[in-house]
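In the order they appear, the protein sequences are chains F and Y. In this note's numbering, each number is its position in the first sequence, counted from 1, plus 2. In this note's numbering, each number is its position in the second sequence, counted from 1, plus 194.
If you're looking for bench data, these hints aren't it; they were derived computationally from the structure. All values reported here derive from a predicted model rather than from experimental measurement. Just so you know, not all the hints are guaranteed correct.
Away from chain F, derived, C-beta distances all over 10 Å, residues of chain Y [claimed, not checked]:
hint: 1; residue: Thr196
hint: 2; residue: Val200
hint: 3; residue: Leu236
hint: 4; residue: Ile239
hint: 5; residue: Val243
hint: 6; residue: Arg250
hint: 7; residue: Val252
hint: 8; residue: Phe268
hint: 9; residue: Val273
hint: 10; residue: Gly304
Derived DEER-like restraints, expressed as beta-carbon distance ranges [claimed, not checked]:
hint: 11; chain 1: Y; residue 1: Val200; chain 2: F; residue 2: Leu120; range: 38 to 44 Å
hint: 12; chain 1: Y; residue 1: Ser254; chain 2: F; residue 2: Met329; range: 24 to 30 Å
hint: 13; chain 1: F; residue 1: Ala277; chain 2: Y; residue 2: Leu227; range: 44 to 50 Å
hint: 14; chain 1: F; residue 1: Thr309; chain 2: Y; residue 2: Ser254; range: 28 to 34 Å
hint: 15; chain 1: Y; residue 1: Val200; chain 2: F; residue 2: Thr309; range: 32 to 38 Å
hint: 16; chain 1: Y; residue 1: Val200; chain 2: F; residue 2: Glu109; range: 48 to 54 Å
hint: 17; chain 1: Y; residue 1: Met277; chain 2: F; residue 2: Thr309; range: 21 to 27 Å
hint: 18; chain 1: Y; residue 1: Leu283; chain 2: F; residue 2: Gly295; range: 33 to 39 Å
hint: 19; chain 1: Y; residue 1: Ser254; chain 2: F; residue 2: Val108; range: 37 to 43 Å
hint: 20; chain 1: Y; residue 1: Glu222; chain 2: F; residue 2: Arg302; range: 49 to 55 Å
hint: 21; chain 1: Y; residue 1: Ser254; chain 2: F; residue 2: Pro258; range: 37 to 43 Å
hint: 22; chain 1: Y; residue 1: Ala305; chain 2: F; residue 2: Asp230; range: 43 to 49 Å
Glycine included, C-beta positions come from ideal geometry on N, C-alpha and C.
Take a look at the letters that make up each chain.
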Amino acid sequence: MKFLTDPVVARLQAEMRTPDLSGTRYRTVKFLGQGGMGVVWLAEDRVLERSVALKVLSAESSSAALAARLMQEAIVLARLEHPGIVPVHDAGTLPDGRTFYCMKHVEGQTLDRHIERLPLRQRLQLFQRVAEPLAFAHSRGIIHRDLKPRNIMVGPFGEVLIMDWGLAKVMSAGDPSPAAGQVSGQAPTRDASGAPSVEALASEKSPTAHGAVLGTPGFMSPEQERGDISMIDQRTDVFALGAILQSMLEEQPGSPPARALRAICGKAMSAEIAARYASVEKMSADVGRYLDGMPVSAYRENLVERTVRLVSRNRVAVVLILAYLFMRLLFILFSRH
Amino acid sequence: MTNKIVLGLVLGGILGILDGLTAWFTPEVRNQLMGIVFGSTLKGIIAGVLIGVFARKVNSLPLGIVFGLAVGAFLAWLVANFMQHGYYLEIMLPGAMVGLIVGYATQKYGASTQLQRT
Chain F
3 MKFLTDPVVA RLQAEMRTPD LSGTRYRTVK FLGQGGMGVV WLAEDRVLER SVALKVLSAE
63 SSSAALAARL MQEAIVLARL EHPGIVPVHD AGTLPDGRTF YCMKHVEGQT LDRHIERLPL
123 RQRLQLFQRV AEPLAFAHSR GIIHRDLKPR NIMVGPFGEV LIMDWGLAKV MSAGDPSPAA
183 GQVSGQAPTR DASGAPSVEA LASEKSPTAH GAVLGTPGFM SPEQERGDIS MIDQRTDVFA
243 LGAILQSMLE EQPGSPPARA LRAICGKAMS AEIAARYASV EKMSADVGRY LDGMPVSAYR
303 ENLVERTVRL VSRNRVAVVL ILAYLFMRLL FILFSRH
Chain Y
195 MTNKIVLGLV LGGILGILDG LTAWFTPEVR NQLMGIVFGS TLKGIIAGVL IGVFARKVNS
255 LPLGIVFGLA VGAFLAWLVA NFMQHGYYLE IMLPGAMVGL IVGYATQKYG ASTQLQRT
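In isolation and in its complexed conformation, chain Y is listed as follows (with noise of 0.2 Å):
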């Protein structure tokens, strides 16, 4: 079974990834995308590896739920507020709505246990 680390990153990367492409819909930023894309994917790698390290510490699926919305809404703030200077539901809403799914999906899935060395 992935680690729940792993598991955090790749997700948290693909929904990056999708998450960024969207931005092709707003005329107004689509010259930006490749940026725009990286940052995500860079954003939702950050997230899905802070989400699948407390999944590994934390055991709880309400709590890696509310982990999870919280760490996608605040990167996405950070976002929003330093480099697009703006678009915050745009950026917040997603943002908050994949560090969700990234949250209940390492608590759901994933292995735990760390591996003993002898």
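For reference, chain F alone in the conformation it holds in the complex (with noise of 0.2 Å):
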């Protein structure tokens, strides 16, 4: 009896990942990463001649409740058109019975790579830029519920894309703390155009069962924590927004963030919900107040404070001021020899 070496089973492996493309328009070019239920393959559209990302339903962990997870995720990418989410091109089943789709292949690094050598105001605006996306995705009544520093692309331009919607969970409209439902293993109603509403997503009845943990430890609420579904809204993006903030003050190099910013972080992370900014959008603009050199919301400031504040804020007025009663001063002191 011959036994296969390692290389030999690894190689093996190595095939069973490769999606099977035939016929297809697609041409896998090399593989670029594994998440909780899908491989990610850099690929050739040879139709538009262009370079795309295929997301596929890894071998190992297909089924029918994962499989309709990952076209949710796509259908959930493909109601988002907004420059900060990843557009989604296509998708569909592969030969080999795999659920796929087909995104932009987004070049560029991920937040906590990209951050390293930014100074701290720079830190601050990319943080308000990644906030614009998810308040679009808020608004469309979708919660993102997986967000870390590593599921934020930022591009070579400095454009920012969050990634991996694969947690999104729909609600449903005009109920503020809905029952969850984004995934089906049952084919989603359609509207007018023949793809399923957002609508009908929410109304859907969810296998991410009430008690189940979805998300990623140091990033997940404490309503995620305890798997409450009910308790899932936007105040649940924004506890993991306060993490983000958070990690990117953490990693700035020489004085330590100032006390409005650690304000801010905290207000976001605060395991009461009610006590959260209501909003990405509020949260978002406090942080804007800061970079202003205004008061924030989430910090009462004390009198040497405000006034330390003010004379940053207006410094060169300051200065001129000050230049014109020492100037005054040095007349007093002539006029008096």
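Take the two lone chains, each set in its own frame, and fit them into one complex as the hints suggest.
Written out as structure tokens, the structure is:
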């Protein structure tokens, strides 16, 4: 009896992992990475002659529920047409039966790597750009639920793209804290164009049962950790944004972050949902106020801090007035002699 | 936000009062203090309004500062030449400085947009 050697087993596993793209318009170029339920490949679209990214359900974890979740992710992404959200080009089933979707190939770095050499001001401006697509998604009733620096890409021209919407939750219209309605094994109802409607997705029976824990530790809100799906709303993403902001500040070399910034993180990451920012926009606006040298809503500053902030904000005016007073003092001194 | 002209008027007026009050430290002119404060305040207000109008028309920090400096120095020269008959440095330097501060402030702060009637 002859046993297979490790390199042979590794080779066979790699072959198994490679999706069967025969008869499709795509050709695999290289393996990019593996997520919880899918494998991402860099591929070539032979019709349009461009590079794309293919997210394919991994062979080991292939199931009807996961296939539906991957398709759900594609549908959610297709509905979110925003420069800060990666666009979907195509979705379907491969000849080997695996579900896939095709999206724009995003070149760049993940947020945690991109900010390594950025000064504080640029980090905060970048953070505000992260909040924009998220606010858009919330306005469409979609909660990301898995925000973390590694799911945020920064392109070569500074463009920010939020990735991996696999755990996204579709909110019911008009319900601030609705029951989860994100993934279904059944085909969702379709609108006039033939595409499944977000409302239909939201109203479907969810396989994410109450008590199931989905997310990434460190960026997951307490309600996510408890698996309390009924409590999840946009403030769940606010919590994750707070954790992201905190990680962006912690990686800042030199002086520790200002109290106002720490207070913004603290408010966003409050264990009590009602104590958090009501929306991503409000949190981003507070960061903007800090950048503009204005007081932030999350922190009540004392008189000294207020004075220091006003002086540093109006540095030139203060210098001019001091110069004027100094000149006046000189005149008085000289007139006495 | 305060209108740029109002900001120039208020700031020019306050700095003008302070400017005039410093004459108290010059014993030779102390008996004319009220007249000096009044004239200085008026000069500050006129300079402030002119600089405020300029700031409303021209949105440029360097130009605003140069204009403020020029207006402040010119008005101070008028005072030194025709009213005080001397004290050029003591009047023109602070006057120019006040113009500079008002020029900076009206460019940096204050609302420049005019409300439209509907």
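To see whether the hints hold, each was checked on the structure:
1. Thr196: holds (14 Å)
2. Val200: holds (17 Å)
3. Leu236: holds (19 Å)
4. Ile239: holds (17 Å)
5. Val243: holds (20 Å)
6. Arg250: holds (19 Å)
7. Val252: At about 19 Å from chain F, Val252/Y clears the 10 Å cut-off, so the statement holds.
8. Phe268: For Phe268/Y, whose nearest Cβ neighbour in chain F is about 18 Å away, the distance exceeds 10 Å, so it holds.
9. Val273: Val273/Y is indeed farther than 10 Å from all Cβ atoms of chain F, at 16 Å.
10. Gly304: At about 12 Å from chain F, Gly304/Y clears the 10 Å cut-off, so the statement holds.
11. Val200/Y x Leu120/F: 38 to 44 Å: holds (41 Å)
12. Ser254/Y x Met329/F: 24 to 30 Å: holds (25 Å)
13. Ala277/F x Leu227/Y: 44 to 50 Å: For Ala277/F and Leu227/Y the Cβ distance comes to about 59 Å; the hint is violated.
14. Thr309/F x Ser254/Y: 28 to 34 Å: holds (30 Å)
15. Val200/Y x Thr309/F: 32 to 38 Å: violated (25 Å)
16. Val200/Y x Glu109/F: 48 to 54 Å: holds (52 Å)
17. Met277/Y x Thr309/F: 21 to 27 Å: The hinted range 21 to 27 Å is violated for Met277/Y and Thr309/F, with Cβ atoms some 39 Å apart.
18. Leu283/Y x Gly295/F: 33 to 39 Å: Because 37 Å falls inside the window, the suggested range holds.
19. Ser254/Y x Val108/F: 37 to 43 Å: holds (41 Å)
20. Glu222/Y x Arg302/F: 49 to 55 Å: holds (52 Å)
21. Ser254/Y x Pro258/F: 37 to 43 Å: holds (39 Å)
22. Ala305/Y x Asp230/F: 43 to 49 Å: holds (48 Å)
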